[in-house]
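K.L.:
Letter by letter, the chains look like this.
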Amino acid sequence: MTGLSVIVRRELYSYFATPVAYVFVAIFLMLAGIFTFYPGQFFERGQADLVSFFNYLPWLFLVLVPAVAMRLWAEERRSGTVELLMTLPLNPSVVVLGKFLGAWLFIGLALALTFPLWITVNFLGQPDNGVILATYLGGWLMAGGFLAIGSCLSALTRNQVVAFILTLVVGFLFVVSGFPMVQDAFVGWGPVWLLDGLSAISFLAHFDAIGRGVIDWRNLLYFLLVIAVWLLATVQVLKRD
Amino acid sequence: MIEVENVSRSFGRHRVVDSLSFRVNSGEVLGFLGPNGAGKTTTMRMITGYLATHGGTIRVCGHDVASDGRAARACIGYLPEGAPAWADMTVNAFLRFLGEARGLAGSTLEQRMAHVSRLVELEDVAQQRIETLSKGFRRRVGLAQALLHDPPVLVLDEPTDGLDPNQKHQVRALIRGLASDRTIIVSTHILEEVEAVCSRALIIANGRKVADATPMELLRRSDFHQAVQLRLKEPCPDPAALESLPGVTRLARDAEGRVLTLFPQPGAAIHESVANLVRERNWPVEALYVEPGRLDDVFRKLTRGDAA
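Residue numbers (my numbering), protein chains in the order written: chain G, 1 to 241; chain C, 1 to 308.
Where hints are given, some of them may not hold.
Stated by the list, open to error - Facing chain C, a subset of chain G residues (Cβ under 7 Å, in silico): (1) 6; (2) 10; (3) 17; (4) 18; (5) 79; (6) 80; (7) 81; (8) 83; (9) 86; (10) 87; (11) 88; (12) 89; (13) 241.
Hints are computed from structural coordinates only; laboratory data are not their basis.
Glycine included, each C-beta is placed from N, C-alpha and C at the ideal position.
Let the sequences and hints guide you as you build the complete structure.
P.N.:
Here it is, written out as structure tokens:
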């Protein structure tokens, strides 16, 4: 898969060739810190864990991942470079996957840079590092979910702002679909499969389950499936041309 | 070799390319002409596999673009419309990325990069970011990218757009030099380019083929083909005598009456009788020459006629 690794490297390179990477990482770390310490009450809780960080992670990703995702294809379309990519002797799905992996690795790097939080809790007490690691993994997978949604929606337009807003809205629906306020709207008249389906596709439910320390492969598999489905949709959108 | 058979393409309800068929053999440079919006870029995008066809088949080097797209795309060097490139990359990083994505590596890649950079004179800007380059340089970066993998087929969408006259001349010489063992399609709206580089011209209008001929054959269709232009030092005293010469159908003159153009009946050679008349009357001649024909005139006739 040399083609794949070439595309991944080019995508990663593009973040660091421009201020995008530095601005994104700085803002992500700053917001992560603020949320963890103030509304998250990291110290006041008196517990050696990262719950106060992970609780806000889905919301941080909900807003910041679309900012990475919006340029994935919309920018290539606007500048015309999508023609260079799609006329390479590569399978379109390799190009889609390569660009996604490049962006996903980049977000993974930003997430990994929150490691001082992890060092801090280990310094202050004895956290369950297994749970923390699993939750980091879950968080990265969730980011992949948002990113795959953004990949598909960004392929639909040449306007990055449109791509950002669409991704934010669809991502939000995926986050809150398990919430009581959403469920309540359907209770009483909606069929059971719809209610079950809505709670089953909730990012939050699956991420929380991972965070409780229950390593159920179905939760990880769920995010991988979400990624696969949206990336396949991206390929279809691009092939539609 | 490129074979296009009955290819159509629509955007929404608008049919941009309509049952277009043509073929280009190795060693040929096909000039692809047509008014803006005639379907040139769309056709090129279908040949390169960027756009799907809505009916019809395209084969490149024998590979069906729809069913064997990767093999077809591997044969093609493509300069897309506007020569897009990733602005944040340096010229070398850009070429290296596309070379690697096309399977080149190691010393072969380095050699090819050096070779194409020399061909289009990019050596001085190799380490510059593409966003800092002028339009002419960007166009050449696009050309370098298209030539990088030494493809047997070249599809170039307006390769000389934005170049200065010297660079245009250079790129045309480059294309001619590449032509001997390659199949090349060049779209352009510069008609002189067709005469300069193309062995054949395909003219389309509203997505349909209106002409497929050598530049010479096209010139022959011009009203100006074999027309005689006469430039005198003073206004012509007796234009009626010229107009009544055998074989002359029409006479056009400038406001002063010094420059006269005489149109012949198809196939008639009128230059000798014009020259004789001028000599007899002793008119002071500045210039007298036979026009080979004008492509812009043919182009207008063909593409307007279709719209009407």
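K.L.:
Indicate, hint by hint, whether the structure satisfies it.
P.N.:
Hints and how they fare:
1. Of the supplied interface hints, the one on residue 6/G holds, with its beta-carbon coming within about 5 Å of a beta-carbon of chain C, less than 7 Å.
2. Interface restraint check for residue 10/G: the shortest CB-CB distance to chain C comes to about 5 Å, inside 7 Å, so the restraint holds.
3. For residue 17/G, the suggested interface contact is upheld, since its CB lies about 4 Å from the closest CB of chain C, less than 7 Å.
4. Because the smallest distance between the Cβ of residue 18/G and any Cβ of chain C comes to about 5 Å, under 7 Å, the interface hint for this residue holds.
5. With its C-beta approaching chain C no nearer than about 5 Å, residue 79/G sits inside the 7 Å limit, and its interface hint holds.
6. Hint on residue 80/G holds. Least Cβ distance to chain C is approximately 3 Å, under the 7 Å limit.
7. For residue 81/G, the interface hint holds, the least distance from its beta-carbon to any beta-carbon of chain C being 5 Å, beneath 7 Å.
8. About 4 Å separates the beta-carbon of residue 83/G from the nearest beta-carbon of chain C, less than 7 Å, and the hint is met.
9. Interface restraint check for residue 86/G: the shortest CB-CB distance to chain C comes to about 5 Å, inside 7 Å, so the restraint holds.
10. The interface hint given for residue 87/G is met, as the beta carbon of that residue sits about 5 Å from the closest beta carbon of chain C, less than 7 Å.
11. Interface hint at residue 88/G: satisfied, since its Cβ lies 5 Å from the closest Cβ of chain C, which is below the 7 Å cut-off.
12. Given hint, residue 89/G at the interface with chain C, holds; its Cβ is 4 Å from that chain's nearest Cβ, closer than 7 Å.
13. The restraint placing residue 241/G at the interface with chain C holds, with a minimum CB-CB distance near 5 Å, inside the 7 Å limit.
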